[in-house]
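Dock chain G against chain Z, hints included.
Chains as they are written, first to last, in the UniProt record's numbering: chain Z, 1 to 310; chain G, 1 to 255.
Wrong hints could be hidden among the right ones.
List of simulated lysine to aspartate or glutamate pairs, EDC-like, C-alpha gap at most 16 Å [what the hints assert, rightly or not]:
#1 Z:268 - G:104
#2 G:221 - Z:213
#3 Z:221 - G:2
#4 Z:203 - G:180
#5 Z:203 - G:181
#6 Z:37 - G:2
#7 Z:18 - Z:48
#8 Z:268 - G:146
#9 Z:153 - Z:190
#10 Z:221 - G:146
#11 Z:91 - Z:123
#12 Z:268 - G:147
Derived from the structure by calculation, the hints contain no laboratory data.
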Amino acid sequence: MAEEETELSDQQKKGIAKWFLINAPAGEIQYVAKDLKSVLKDDDVYNEAAAVAFPIYNKSHLIYLKMPGGYGDVLVTSYGELQDNEYLDPKTAQVVIVDHVKQVCKRVRPATDEELPSPYIEEYRYALEAELLKYAAEAYPKGSCAVYCTNGKDVEGPGSDFEFVVVISAARNSPHNFCNGSWRAIWNIEFRDDIQVLELKGKCQVGAHYFEEGNVQLDAKRECSDSTMFQGPDDTATAVVHLIRRHENEYMASLEGSYFDLSDNTFKELRRKLPVTRTLFPWHNTMQFNLKREIAEELRIGELHDIKRA
Amino acid sequence: MEAAMGLMRRMPPRHSETTLSALLSLLPGHASDLLSQVDLPLQVLSDVDSGKKFILCEYNRDADSYRSPWSNKYHPPLDDAPYPSSKLRQMEIEANDIFTVYCEQYYEGGISSVYMWEDDNEGLVACFLVKKDGSKTGQGRRGYLEEGTWDAIHVIEVGPEEEITRYCLTSTVMLSLTTDDVSSGTFSLSGSIRRQMNMNLPVADGHLSNMGKMIEEMEAKLRNSLDQVYFGKTREMVCNLRPPNEVVQMRLPTS
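Only chain Z is shown next, with the shape it has when bound in the complex (with noise of 0.2 Å):
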């Protein structure tokens, strides 16, 4: 029965737009937005999607941005969103406003003071960020990293509790190389001041895609939890960032014993590097009626000197 050939309504190929646009992988929106124009062929459509897809993209990539004058990398997080296009940058105290479908920052104003936490949680949340900021410079060279108050920025003194959320973003875009690569940790960090502990909450996420001539991408993800005595700002800060390295490397090394298992073990489960006999094939001369028996027979003896082996 053939299939007639609806024309799509707007409302679909938007739709269909940002799926496209919100799955590409890490570092290549861009590509995909190029190649997804083409094929849409519907300019009004694809902005339409755009606007919407692209801060969900950028948003859950955790891009990170030059700013401009200098002052570095801003991350793009829910964390740190103020308004649609407005990103506290909490190292340096300073708002961005960003264009999401280009990628870029616009402009960049100093932060209120209702922007940023009260000096009590800031003391924590500097302390913090100095930290990780020397951690990050050694495991992620070309990564980004902040600290954000997401609960109780506003608190005085002890006595509450609040809550920070570490960022940690890295990329790395070959697309000369058709490979592509991010590696992103969200630490969740509750400072409970009931029962004077810090719970750690963390998840990592790290994605590759290699495209020469084939389509393989990794996709993998840990989550893990801890916890530390409330301190004082610095011992804090110590201890936190202590546990992150702690957990992020054991993710590392496992990530690394799951690539070394891969090739003997893993991949077996799918198809075997040889048979049992470790002999190719006997593909035989065809005798056509015989050739299943012998082959059989000869893979049956083989199999019997084997079992003991194997």
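For chain G alone, kept in the frame of chain Z given last:
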């Protein structure tokens, strides 16, 4: 069309079906090009006579029915459908039997099918397909994989029979695997590659033997390429993003 293929190469391989169906709805005029150039994970049906599974593809399809290599019947039944000649059907039966043994050896299970038909140039075309589910709930013998699939499609065009005959093989492998445990989280690799190989071989050695050896060589190359090159590049990228621990430890100041 080039843009469409570009999108296929960038979208996550796990979503290849959604990607293709999105492209088909945006580019209805290019449907036949898209369907012939894009491979999707293989579908399977059970033979009405024996219950044995067989793989569905363009090469055993007519209208909405598919021919089983086991019973030679179309599912669902179809009038006026094309069948291979009886001579070719004999070769097809033998090929299926031998390929089943081959798959047992390399895939420790899996589903296989071979389809053959005469082409217009007095040659023949054969399609060898394999589908393996390596997950621990499927046919994974060692229980490593939460999820794992390997789909291989090999299409061989055999030139007109001469003393030395030309064989042209186009192979596609699609795979995905996921391991999942509490300490390392979820680790997922997926992808697809396609390669071609042409050989001129003595017809006296037998078509099946010639085709079989080519497929075995090609599968080894593809498996190796996926493992060393493709997975290897993603591993390299991870190490670039976060240099492995020894390097980090060395550079940290003692405190």
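The hints, checked one at a time:
Distance restraint check for residue 268 (chain Z) and residue 104 (chain G): the Cα-Cα separation of roughly 13 Å lies within the 16 Å cut-off, and the hinted pair is therefore satisfied. Restraint check for residue 221 (chain G) and residue 213 (chain Z): the C-alpha separation of about 14 Å stays at or below 16 Å, so the hint holds. With a C-alpha separation of about 33 Å, the suggested pair residue 221 (chain Z) and residue 2 (chain G) falls outside the 16 Å cut-off, and the hint is violated. Our distance criterion of 16 Å between C-alpha atoms is met by residue 203 (chain Z) and residue 180 (chain G), whose separation comes to about 15 Å.
Between residue 203 (chain Z) and residue 181 (chain G), the direct Cα distance comes to roughly 15 Å. Compliance with the 16 Å bound is thereby established for this hinted pair. Of the pairs offered as hints, the one joining residue 37 (chain Z) and residue 2 (chain G) holds, with about 12 Å between alpha carbons and a cut-off of 16 Å not exceeded. The hinted pair formed by residue 18 (chain Z) and residue 48 (chain Z) meets the criterion: a straight-line CA distance of about 9 Å does not exceed 16 Å. Distance hint between residue 268 (chain Z) and residue 146 (chain G) is fulfilled; the C-alpha atoms sit about 14 Å from each other, no more than 16 Å.
Proximity of residue 153 (chain Z) to residue 190 (chain Z) is assessed by CA-CA distance (about 13 Å); at most 16 Å being required, the pair is judged to hold. Of the supplied pair hints, the one linking residue 221 (chain Z) and residue 146 (chain G) holds, its CA atoms being roughly 14 Å apart against a limit of 16 Å. Note on residue 91 (chain Z) and residue 123 (chain Z): the hinted pairing holds, with a Cα-Cα distance of about 12 Å set against a maximum of 16 Å. Between residue 268 (chain Z) and residue 147 (chain G) the CA atoms are separated by roughly 13 Å; this keeps the pair inside 16 Å, and the hint holds.
Hint 3 from the earlier list is the only one contradicted by this structure; the remaining hints agree with it.
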